[in-house]
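Peer 1: What follows is the residue order along each chain.
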Amino acid sequence: MKTLLKTIALAVLTALPLPAMTAEPEKPAADKTHKVVFEVSIDGAEKWAGAMRNVENVQKALGVKTTKIEVVAHGKGVGMLLAKTSTENAELKANLQKLHADGVVFAACENTMKREKIDKKDLVELSTTVDSGVSEVIRKQEEGYAYIKSGG
Amino acid sequence: MKTLLKTIALAVLTALPLPAMTAEPEKPAADKTHKVVFEVSIDGAEKWAGAMRNVENVQKALGVKTTKIEVVAHGKGVGMLLAKTSTENAELKANLQKLHADGVVFAACENTMKREKIDKKDLVELSTTVDSGVSEVIRKQEEGYAYIKSGG
Amino acid sequence: MKTLLKTIALAVLTALPLPAMTAEPEKPAADKTHKVVFEVSIDGAEKWAGAMRNVENVQKALGVKTTKIEVVAHGKGVGMLLAKTSTENAELKANLQKLHADGVVFAACENTMKREKIDKKDLVELSTTVDSGVSEVIRKQEEGYAYIKSGG
Numbered sequence: 001m002k003t004l005l006k007t008i009a010l011a012v013l014t015a016l017p018l019p020a021m022t023a024e025p026e027k028p029a030a031d032k033t034h035k036v037v038f039e040v041s042i043d044g045a046e047k048w049a050g051a052m053r054n055v056e057n058v059q060k061a062l063g064v065k066t067t068k069i070e071v072v073a074h075g076k077g078v079g080m081l082l083a084k085t086s087t088e089n090a091e092l093k094a095n096l097q098k099l100h101a102d103g104v105v106f107a108a109c110e111n112t113m114k115r116e117k118i119d120k121k122d123l124v125e126l127s128t129t130v131d132s133g134v135s136e137v138i139r140k141q142e143e144g145y146a147y148i149k150s151g152g
Numbered sequence: 001m002k003t004l005l006k007t008i009a010l011a012v013l014t015a016l017p018l019p020a021m022t023a024e025p026e027k028p029a030a031d032k033t034h035k036v037v038f039e040v041s042i043d044g045a046e047k048w049a050g051a052m053r054n055v056e057n058v059q060k061a062l063g064v065k066t067t068k069i070e071v072v073a074h075g076k077g078v079g080m081l082l083a084k085t086s087t088e089n090a091e092l093k094a095n096l097q098k099l100h101a102d103g104v105v106f107a108a109c110e111n112t113m114k115r116e117k118i119d120k121k122d123l124v125e126l127s128t129t130v131d132s133g134v135s136e137v138i139r140k141q142e143e144g145y146a147y148i149k150s151g152g
Numbered sequence: 001m002k003t004l005l006k007t008i009a010l011a012v013l014t015a016l017p018l019p020a021m022t023a024e025p026e027k028p029a030a031d032k033t034h035k036v037v038f039e040v041s042i043d044g045a046e047k048w049a050g051a052m053r054n055v056e057n058v059q060k061a062l063g064v065k066t067t068k069i070e071v072v073a074h075g076k077g078v079g080m081l082l083a084k085t086s087t088e089n090a091e092l093k094a095n096l097q098k099l100h101a102d103g104v105v106f107a108a109c110e111n112t113m114k115r116e117k118i119d120k121k122d123l124v125e126l127s128t129t130v131d132s133g134v135s136e137v138i139r140k141q142e143e144g145y146a147y148i149k150s151g152g
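Protein chains in written order, with our numbering: chain A, 1 to 152; chain B, 1 to 152; chain C, 1 to 152.
I should point out that these hints are in silico values taken from the structure, not numbers from a laboratory.
Mixed in with the good hints, there may be bad ones.
Repeated chains share a single entry, so a pair holds when one copy, or any two copies, can fit it.
With a Cα cut of at most 27 Å, we get these calculated DSS-like pairs of lysine-lysine [claimed, not checked]:
(1) Lys-47 to Lys-60
(2) Lys-68 to Lys-117
(3) Lys-65 to Lys-98
(4) Lys-35 to Lys-84
(5) Lys-114 to Lys-60
(6) Lys-60 to Lys-117
(7) Lys-117 to Lys-76
(8) Lys-121 to Lys-98
(9) Lys-114 to Lys-93
Computed from a predicted structure; not experimentally measured.
When you get a sec, could you build the whole thing from the sequences and use the hints?
Peer 2: In structure tokens form, the structure reads like this:
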């Protein structure tokens with residue numbers, strides 16, 4: 001019995017630091033990996049350029065290596081990830097490629113793609129897809145990602 | 001004494017799984033209830049239809065029974081919950097009713113209602129109201145809801 | 001040994017309320033300090049007035065003294081914090097001053113300022129600046145702030 005209690009006591013002492021950590025989310029360690037999900041449902045070259053600039057600025061301020069970024073495009077935002085758009089817009093294409101090379105994930109919404117009859121081969125190669133763009137944004141928030149809704 | 005310690009030990013063992021769960025929000029259990037608050041302050045039938053489509057897609061992807069959804073309308077978004085709008089827009093009306101039947105809460109902002117001289121009886125019956133739409137969105141986030149700002 | 005176990009048992013009982021609190025974020029204590037970050041990237045007097053009204057309504061609903069608010073302006077939103085804008089728009093100026101007196105922090109994005117050739121002296125005196133507006137919104141969310149994206 002005493003041995004059992006000793007074991008329990010040790011388990012408790014070992015377990016205590018964890019809840020204490022969750023109780024103070026205000027002080028993240030210096031080396032904490034930032035996680036951010038951008039929701040892009042805006043339309044047009046200028047707005048997409050603004051969204052990409054925001055992603056770049058976040059990398060500069062928070063660190064490329066310490067910041068995990070996923071850009072989820074749905075609705076009109078999927079236009080940003082069309083191969084056709086990159087063909088017509090060399091600057092956007094270069095931005096997407098640079099950010100992708102830096103580890104940014106670009107994901108297009110399959111619900112939008114079905115509705116707009118967009119095939120996977122219509123997207124830029126660097127893009128992945130997700131079943132539901134909005135649901136992906138929700139799942140990422142549940143995983144502790146900060147949320148940024150792109151657009152004015 | 002031993003009985004007391006035994007009781008404490010049991011209480012501790014029972015209590016431990018809870019903090020362990022909060023310490024690892026990155027791995028939600030398969031049966032986790034998702035919670036989402038949508039903020040709708042956009043205007044017009046097309047945008048409201050888009051917002052309702054997003055809610056439906058979230059239910060499909062995350063599960064109707066496992067996802068708690070509240071749609072908070074304020075500013076121009078309150079127009080979506082006017083009885084007049086449902087009378088004029090049968091498709092929106094049907095969407096609201098279907099989602100409401102599935103447990104989605106629709107709440108109109110009383111601050112907007114006062115400003116726009118909208119009475120409770122001017123709203124569709126399925127709608128509830130909240131003192132302040134933006135504050136409701138904040139409170140829901142504090143309760144662990146993921147946040148989705150509707151609109152482009 | 002028994003004394004040690006007694007001490008551990010007491011420590012455990014004392015420690016338990018904390019994890020229990022984190023496990024039930026749905027019931028914040030009445031005196032809880034709310035924290036909210038508003039992201040303002042919208043353009044124009046009417047939209048800025050709407051954003052300021054939202055901030056005021058949050059103060060009314062959640063309490064001026066119990067709610068910490070930071071308004072981060074970037075992109076077109078920085079226009080709201082220009083001294084020139086306050087000179088031209090007495091109502092906005094009064095709103096900014098009242099909210100600032102109540103402790104609301106207004107922060108303009110230095111990335112936007114560089115791009116638009118806006119100097120610190122071009123901003124209203126009550127405004128502070130941050131290296132990157134979007135990154136500030138992310139950092140605040142990491143510190144437990146609820147997020148509100150202003151605009152329709």
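Peer 1: Against this structure, judge whether each hint is valid.
Peer 2: Each hint, compared with the structure:
{"no.": "1", "hint": "Lys-47 to Lys-60", "verdict": "within (20 Å within a copy, 29 Å between copies)"}
{"no.": "2", "hint": "Lys-68 to Lys-117", "verdict": "neither (30 Å within a copy, 30 Å between copies)"}
{"no.": "3", "hint": "Lys-65 to Lys-98", "verdict": "within (14 Å within a copy, 41 Å between copies)"}
{"no.": "4", "hint": "Lys-35 to Lys-84", "verdict": "neither (30 Å within a copy, 37 Å between copies)"}
{"no.": "5", "hint": "Lys-114 to Lys-60", "verdict": "between (36 Å within a copy, 15 Å between copies)"}
{"no.": "6", "hint": "Lys-60 to Lys-117", "verdict": "between (37 Å within a copy, 19 Å between copies)"}
{"no.": "7", "hint": "Lys-117 to Lys-76", "verdict": "within (13 Å within a copy, 31 Å between copies)"}
{"no.": "8", "hint": "Lys-121 to Lys-98", "verdict": "within (21 Å within a copy, 35 Å between copies)"}
{"no.": "9", "hint": "Lys-114 to Lys-93", "verdict": "both (24 Å within a copy, 24 Å between copies)"}
In this structure, the hints that do not hold are numbers 2, 4, in rising order.
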